[in-house]
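Protein chains: 4
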Amino acid sequence: MNKRKICIVVGSRANYSSIKSVMQAVKDHPDLELQLVVGASAILDRYGNVADLIERDGFKAAARVFMLVEGETPTTMAKSTGLGLIELPMIFESLAPDVVLTVGDRFETMATTLAAAYMNIPLAHTMGGEVSGNIDENIRHAISKFANIHFPACEDARQRIIRMGENPDSVHNTGCPRIDLVAEYLQSDRCLDEALFGEGVGIKFTTDEDFILVSQHPVTGEYGCGETQIGTTLRAVRDTGLPAIVLWPNADAGSEDVARGIRKFRERDPDAPFYYVKNLPIEVYVLLMARTRCLVGNSSSAIREGAFIGTPSVNIGTRQTARQHGRNVINCDYNATAIADAIADRLALRGRLPSEPIYGDGKAGPRIAHLLATEPLTTAKMMTY
Amino acid sequence: MNKRKICIVVGSRANYSSIKSVMQAVKDHPDLELQLVVGASAILDRYGNVADLIERDGFKAAARVFMLVEGETPTTMAKSTGLGLIELPMIFESLAPDVVLTVGDRFETMATTLAAAYMNIPLAHTMGGEVSGNIDENIRHAISKFANIHFPACEDARQRIIRMGENPDSVHNTGCPRIDLVAEYLQSDRCLDEALFGEGVGIKFTTDEDFILVSQHPVTGEYGCGETQIGTTLRAVRDTGLPAIVLWPNADAGSEDVARGIRKFRERDPDAPFYYVKNLPIEVYVLLMARTRCLVGNSSSAIREGAFIGTPSVNIGTRQTARQHGRNVINCDYNATAIADAIADRLALRGRLPSEPIYGDGKAGPRIAHLLATEPLTTAKMMTY
Amino acid sequence: MNKRKICIVVGSRANYSSIKSVMQAVKDHPDLELQLVVGASAILDRYGNVADLIERDGFKAAARVFMLVEGETPTTMAKSTGLGLIELPMIFESLAPDVVLTVGDRFETMATTLAAAYMNIPLAHTMGGEVSGNIDENIRHAISKFANIHFPACEDARQRIIRMGENPDSVHNTGCPRIDLVAEYLQSDRCLDEALFGEGVGIKFTTDEDFILVSQHPVTGEYGCGETQIGTTLRAVRDTGLPAIVLWPNADAGSEDVARGIRKFRERDPDAPFYYVKNLPIEVYVLLMARTRCLVGNSSSAIREGAFIGTPSVNIGTRQTARQHGRNVINCDYNATAIADAIADRLALRGRLPSEPIYGDGKAGPRIAHLLATEPLTTAKMMTY
Amino acid sequence: MNKRKICIVVGSRANYSSIKSVMQAVKDHPDLELQLVVGASAILDRYGNVADLIERDGFKAAARVFMLVEGETPTTMAKSTGLGLIELPMIFESLAPDVVLTVGDRFETMATTLAAAYMNIPLAHTMGGEVSGNIDENIRHAISKFANIHFPACEDARQRIIRMGENPDSVHNTGCPRIDLVAEYLQSDRCLDEALFGEGVGIKFTTDEDFILVSQHPVTGEYGCGETQIGTTLRAVRDTGLPAIVLWPNADAGSEDVARGIRKFRERDPDAPFYYVKNLPIEVYVLLMARTRCLVGNSSSAIREGAFIGTPSVNIGTRQTARQHGRNVINCDYNATAIADAIADRLALRGRLPSEPIYGDGKAGPRIAHLLATEPLTTAKMMTY
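Chains as they are written, first to last, in full-length UniProt numbering: chain A, 1 to 385; chain B, 1 to 385; chain C, 1 to 385; chain D, 1 to 385.
Please note: incorrect hints may appear among the correct ones.
Where chains are identical, the list cannot tell them apart; a pair therefore holds if satisfied intra-copy or between any two copies.
Calculated cross-link-like contacts (lysine-lysine; reagent style DSS-like; alpha-carbon spacing at most 27 Å) [as the list claims (entries may be wrong)]:
| no. | residue 1 | residue 2 |
| --- | --- | --- |
| 1 | K264 | K60 |
| 2 | K204 | K264 |
| 3 | K60 | K3 |
If you are wondering where the hints come from, they were derived from the structure by calculation, not from laboratory data.
Pulled out of the complex, with its shape left as it was, chain A reads as follows (with noise of 0.2 Å):
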């Protein structure tokens, strides 16, 4: 019997750390073949090559494809997008896949997930369903609609997918492969001050005292927002006295704008105790997610690491609204007071609470990988609405 020729498109950091136990187990498994395609950011010095990390991993890309088109504007990701589009097909026809999979709710996802739907191959998709108020969530409900196979992340986000109007049998909640790396990296034991505090820039401390870690993205419905968004964020963390890792943002539109607010407020205020860090490794981050007195910004990681790993965490404005979440997470909106007051209230528990495995147990890769190995392949969708 021949091997089913699974692709993933590879487009940033956060992707590769959503996919990478998946990457693994599709690897490992005797049925399937892994075809890799790296691009948009996960190729790019700038947002810190990812693609580089991904081979030392022991991967392997079969293509690699330049798609963001400079700006980091509304504009620009939609010509990425397109970019994307012109590429993929001729990446698609050349590696034949018998399967797409693509991975979560970014811009190169839409161009992966098109460039399949339109060529008639099997589209999977991972971490549908889910709910954030912003154009990521209509670009996750958009994949569904063109998805054959669907891998929520939690049992809330498949019971959305059905309602829908996808049929259930195709629909399987596998949890969310990035738990899997959560678990694994959760047993590591290496010194995470030594791990830290190389690349970045700003004041070291200690992590084995109390600090805070700030990750803070743009959101797409407030361009031109970003600068004054993560000025905000940062004053009320460093009024808390503590020390804090500070991360830069992913490539969005925004990005730029939040980079530039991190920047000015490290240069008129330099002797704030913060640390600042480009290309976290993700075992990294899920030592400081462990270990920090409160992650504070509007990352997923607090909603769905956070959770398994119970990190007490602020979420901070629109970006990850009405997300199903666990007792670890409080929200607030953009005020400084209101941010100020809820990193108080965090600080109060005085560290990590129980873990809910509610956005997967650890199992999601070899899950995803058995129902890839196994499930019938059709680009034919019998629909229930």
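Given chain A, work out where chains B, C and D should sit, using these hints.
Positioned in the frame of chain A, the structure of chains B, C and D alone reads:
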């Protein structure tokens, strides 16, 4: 008060007749300004340059965009979408519309949708929510996931959009704007024969006598079969002994296949009493639908306009599967005998059936313009799943 | 020693016959490896799918690239070049050729050239240095400015490339590879009538008797005139009373114009003793050139192959202006009388003239392969202006 | 009489200062209308958003085009050219210019050139004919092969364009428009320190005392070496003990390399008396050139503006090889000792040298505008090789 700027992208002959009455109503509305973009096959000679027709109808294009990558394969369909996504953002930047109105379910519709969505421009969508069992359906539903105002053509579609999670307040059953034209054209007293037998090739006859009308398009999921499919149909029609009008297919993956099938039939059977036409004005087409003994093929016109007009129709194969239809339509598969039987059944009706306004009452244009002028505009979506 | 990888991009029927003997010689050379890319009109049914022919000839394409934007206007010609420039870099990255060999002066040639130049891949160029008085000439000379090894087809061209500043050591008069095919095809004993009168339309005759051959293409600088120009030519040819073979034009800005001119002539004058053909194998074309009483139009074949074969030829208009030609060619402008007179003059020759090997002796392929295997490879240029 | 519409595409900071005086003269000319297009790095924050500066200078952009594909590799440089070629035709269609004026030798210049050439728009070109020994030179000469009116910056370049076959009547030595600005800025009495030490980072000093100016860019043919090259330069400058202004590189393949080299130097040697600036207004740069003890790097400004200003300059490596220079410049290679010796030699001059107007007398703008208003416009070229 500033007029709301309504940008409409017309990408094909079919697009145009699906939206013309809305264009007119927007143009005529005191609170609206029409911004017209023409592109894709609408500006190509090869598909009958519809842009010229549009101009003769009194509309002025603000921009035109060549976005079809030659090849008419699944690969080039994806690439054409990509090219549209690269071009449309600059046009939208320049026009700065308050609403983008996108039509139906074609690949240029998807490009329009994504460009507007990424650029945070409120998106209106006509003809959403219908079921057709192919990639067009996936595109249609995916567009609903991005649209902020929905104008489905029938009640069935309205309810499906809501079941898929869209806010009921944003979903308006307006009827299909194409029916507006149909109602108007049915009043025409122009000489059908004169209008018809100008530009095409083949054997002329008089439409005062009985004749068959053939309109068959490639089916995305059945790429490579178009030549055979149209051949079977044409032979079945020829065997009735009646004369026929045969239409060339739309620009789509596989249309070259269907066109080749028509050319080959014509070369092998030059004496079949068929007249072949390319760029048929919609008003002529409607008169043909009112007068033909049977419409044969897989055109959606049999189901939509056909219900209103009462045209006896044979719908072949999977392209319109599961779309709600009236008593005028009988379905069959690609089999030669089945087609022959179905045609015989329709011919036995001996002419037009009573009108069923399933897809509209002829007043969709003004209804949609009124909603575009008065509904709140936002890119936020409050879904209800 | 590793074989040198020679990447050749074939973008049209004309490209293929201009480079086939080089492809064969590269494939056969012990120190070279052929990397074939097919694209643009070479993979489109509408222009006679040359990629299929290439495969039947025993060559395997490493990649194929759809890069024609529909429209055949100056605008789409520019956009097609752009699309090629977006696609070819990924192909070159994947193939990692030691040399890219680009052919002639078409828009895909320019895309190939720029992609190779930016990517620091040594570039070889055939058919540089010739004068033709149109945008093709500008493209040709511009390519010479990027090329690192030049293979002009005639002495005149070699000297012009050097006068324009290229290093004489890098400029080799190899003859035109197309003449290699001509020499071979002239030996053929196949039945011309049988080969010819299969796929086309029109009135058949026997090529054993006198006939005229018409091959006329759009002229870039004269966009919009193609329909009139071909009409004048066809009427002049008809008035000779001789039967004629009429060829459809290349894919180029304006080719739709010329095609329309041909279609209209044919509709108005269905009884003209003309046979119209689309995808003429080069071997059949050469036999036609050897047998025709007169080749009429603006094809470069009159000048290049015509000199070698001795074909009496009428060259109309500006497309070949200033290109060195032999005694077989007489020039005239688009005027009906001038064309008629020129044809009469050629018919008076009563057949083939002696061969003049101005553009090659039939051994260009192996000569070029040898140079590709032995010349030093560099992207540095030492110019001498 | 209608005004001639002159379309100028500005794609970078360097572009703008090379053409600003022409833009002003065109805008002021009674028979000309300026159509300004801004794009590529000129509209990106990352490279100092020059479009904002342009607007503050009183010019209004008719269109802006995002055309940089992220990556800054040879591959993305080619793709960016492709993206420009896809976008610019629609802009040119919409603006319908009588002349497109393209500036210099960058990749957006090539895209502009090809778009205009294919679209039969007369093309004017500034700064052609110069020799620099790299891919920029190939681009520059290739553009000359498409240009219909040439505005070289010096006599040497004028003669070279003619030797390469261009019609002497179409080649005008106008001087370089950038020198117009230089002449004007040298009159400025603004406070240099105030202007300079605002936006950058590093250690401030006063430019009333001796200082060095560093401007070093990536070299296309030496991709991957930028980090090492700039490192060597910065160490040699530091060893002089003088303070220095260090400029960030242009957007080009490899600029990220050079930027990384600067960042690393700065991290390792935070106490070097260097101030690092990104978006230096040309008027400030000119004052720096007038006041610095030595300009070090590979910027063409050393050769062009430097000759007019009399700036003692060390030109490192191959980027400006073979470009005609004045007595103010001394060349050396990437070797640390060679750079140190060359800097010592220039410092010994103890200040500015007499002006040599090799590249212009400060009146190029009005001269070019006059020629654009009065020269015959054609896309035909009568070459003289």
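We went through each hint and held it up to the structure:
1. K264 <-> K60: neither (39 Å within a copy, 30 Å between copies)
2. K204 <-> K264: both (19 Å within a copy, 18 Å between copies)
3. K60 <-> K3: This pair counts as both: shortest intra-copy Cα distance 18 Å, inter-copy 25 Å.
When each numbered hint is compared with the structure, a violation occurs for hint 1 only.
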